[in-house]
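Novice: Protein chains in written order, with my numbering: chain W, 1 to 421; chain G, 1 to 365.
In short, the hints are calculated from the structure, not lab data. A hint or two may mislead.
Result set (DSS-like, lysine-lysine): computed pairs, CA atoms no more than 27 angstroms apart in a straight line [to be verified]:
#: 1; chain 1: W; residue 1: Lys296; chain 2: W; residue 2: Lys153
#: 2; chain 1: G; residue 1: Lys311; chain 2: W; residue 2: Lys19
#: 3; chain 1: W; residue 1: Lys227; chain 2: W; residue 2: Lys9
#: 4; chain 1: G; residue 1: Lys311; chain 2: W; residue 2: Lys294
#: 5; chain 1: W; residue 1: Lys19; chain 2: W; residue 2: Lys294
#: 6; chain 1: W; residue 1: Lys312; chain 2: G; residue 2: Lys274
#: 7; chain 1: W; residue 1: Lys364; chain 2: G; residue 2: Lys274
Part of the chain W face toward chain G, derived, beta carbon under 10 angstroms [said to hold, decoys possible]:
#: 8; residue: Phe5
#: 9; residue: Gln82
#: 10; residue: Ile302
#: 11; residue: Tyr306
#: 12; residue: Lys312
#: 13; residue: Ile325
#: 14; residue: Leu349
#: 15; residue: Val407
#: 16; residue: Ile412
#: 17; residue: Leu413
#: 18; residue: Arg421
Glycine included, every Cβ here is placed at the ideal spot set by N, Cα and C.
In case you want the letters, here they are:
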Amino acid sequence: MCIEFETPKPIAQQQYVLKTVAENMMRSVSREMDENEHAVPYGYIEFMHAAMKATGAGSLAPKSEKKEEDLNKPKRPPIGYQMLAHMLEMLSWGDVGMYLVTPGGGLGAAAVEAAATPEQKQKFLARFGEEKPTFAAMCMTEPGAGSDTSAIKTNAYLDEKTNEWVINGEKIFVTAGHKSMVPDECFGKGFIVVWASIDPSAGRAGMRGFVIEQGTPGATVTKLEHKMGIRASDTAAISLIDARVPYDHVLGNPTVEKQTEKGFKKAMATFDATRPLVAATGIGVARASLEFVKEKLAENGIEIRYGLPRNKLTSIERDVIDMEIMLRSSWLMVIKAVWMADNGKPNALESSMCKVKAGDVTTKITQKAVELMGPLGYSREFLLEKWFRDAKITDIYEGTGQINRLVVARQILGYSGRELR
Amino acid sequence: MYSFEPNEEQQMLLEAVGRFAANDLRPAGHDAEEEGTLPKKVVSKGWELGVLQASVPEAYGGFGERSAVTGVLALEEMAFGDLAGTLAVNVPSLFVTPILLVGSEEQKKEFIPPVIEMDWQPYTAALIEYALDFDPLELKTFAKAEGDGYILTGEKAFVPFAREAEAMLVYANLDGNTQGFIVPKTAAGLTVRSEAEKLMSLNALPTYRVSFEGVKVPKGNRLGGEAGHDFQPVLASMRLALAAMAVGVARAAFEYSRDYAKEREAFGVKIAQKQAIAFMLAEMATEIEAIRMLTWEAAWKMDTGAEDAFKDAYLAAVGAADMVMMVTDRAVQILGGYGYIREYPVEMWMRNGRGLATLVGLAIL
Ligand SMILES: Cc1cc2nc3c(=O)[nH]c(=O)nc-3n(C[C@H](O)[C@H](O)[C@H](O)COP(=O)(O)OP(=O)(O)OC[C@H]3O[C@@H](n4cnc5c(N)ncnc54)[C@H](O)[C@@H]3O)c2cc1C
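Produce the entire structure from the sequences given, and follow the hints as far as they go.
Specialist: Dropping the structure here:
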């Protein structure tokens, strides 16, 4: 036990490598990817797949197998989530839209990791270590159910004759939905995790995640969204019409225990794990923007006089200092949240708190950066204007800023969802 | 490694300081502010916790090692009880810590033990000057080398316990550098105003204007000895102290208003059940945590001698000043009209909060 802020060696080494990737494989094509929405960065995808396969980094998948092998080695504190947060921050510093098309299962694999049985994990996650890069996605949002996830209408019933689940509904805004569900000869066969109700009368207790494999009849990508930013990332609408999956594709326990909200809690557990990671991606974009600002200020001979009393600073100095404070403090909150996850400490509060902070900080820093840079900020000649567009999503997905404030407020007040909605 | 858990020793200290803050400082704080004095026995009790003593090595009369991280933890916890009380308890640190940080070996041996081995005594320091462009790095109190010593000329403000202090560290501008000078209360030319300063808060902490008219200081009393000292580590430790206390005051205001919001009803529900209130509380908790992390990291960097430690201490202090203002302002807002009434503590915390941007030099860790 102690208070320490030393980046663990393996993470520092990984950061060094990832920075090169971010500079040479991401920044170099960033603008091109932004201008050609839905173009696929095959080079980056192939490279990351090979690299992650070689090192085991970046994927949530192989963790459960590895643990047992390591039993004899001297025990070091686990740093898996910390490593992931650093990795995502650095890749997003490169290009957050491209980071979102990193193979390895993304939110789909995270949902399996959070809700599945060990056999299911083996069955669904093994593919990410195979020859071709493979994608998975997570489908919660529907046209009538965004923040209010309890309002989802997608349903699943068991066809007892065939012992198959039959799923009907409409899912939207699915990150990597296209890459997961539409065959591409360069990619392995992906899947989506669809959250659906097996007992609408049971409310949240009836919610379960279902794995739907690419190629399942009735599961179709119907639309690709055009977006303000993160254009390299595909955002798909998926319609489910009598889509049939085998019985064991329901994640976890299929019996509905009324009163408990277990099914829903599993979905929410995914978010405890992924919110700090999403926060990290936003912080990567913010850091890129702040570094750009400082570089341009330095080129123009404008120095930031740290240490001066505030009432003696120029307006630009105050802005930059405030941006630094926001950036560093939000990053430290992310690190604390993932450190807790690594050490098995419940971190629902810290997870949502760092997402609230990162959502704010990322938008504020990028907005201020564009303002400070004048015409240079608004021009598409530099990437800053793109980072401003990319940044905003941080405060929207994985729970909007408001929803995460609700989660934080409930935690600090000891309120249930019913007491504070 | 990253790690966010105080070690065992720190936890023990935190528990002791926490008890003192809750059982002694907090109950005394309100009346102390109204009456303008803090009971001496509360101050003595705080001193006996040994926060400062534990940061001084045995060779100089203490029983530990200085750690900025421990200092930050302890000051946050104490300020959670009461800010004026925390400042009063820690006044001797204003004299001892800079000597410990940048003093010469002789100075450490001569000046630290008499303070550290005794009951609480008012040894203090003078940094602030009464000018809107006050800058610790561009002081208007000047020191001039003359003969085998220095001559100090100028005026200091907000000097805690100056009237009773046996000796004080006076910061002055020597050829453009801020340097400390150890000045006994008997020095000729040193005048402490008879009336205490009147500030927006901190009524329980007696502070004074002190003037220096050609005060002679022997060579050996220049902090650091003949070669003087680097002022940066001293200033950074002052800033960290402010940041830590800001977190403590903010936490006090946050917890009080959170509990109040769970009791108070309006329109048929607890006000905490209204998002407008709940979101304010969520943001208060978030900002407190953000600045606490920034302060911890800056302190850790000080302890490990990181290159950018001084800059980070500055950032932590600047961020903390904003944070504590935001949090204490909202706490008053959450209590509504009651927030504005002096019977409730939140308005005092709001007045305390604004001070933390200004009061550099009133605490050090
Ligand atoms: C690019 C992109 C990628 C996405 N990827 C995925 C994905 O991979 N998988 C997936 O399932 N979803 C995904 N989403 C969906 C995303 O999570 C939702 O858009 C988000 O949760 C908000 O839902 P909504 O859009 O329906 O907004 P709404 O829920 O309609 O919210 C509108 C506004 O009301 C506020 N609000 C809502 N409820 C409350 C409340 N109780 N209190 C206070 N304010 C409230 C919100 O904060 C927001 O400001 C993605 C979205 C985008 C844009």
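Novice: Out of the numbered hints, which ones does the structure contradict?
Specialist: 1, 3, 6, 10
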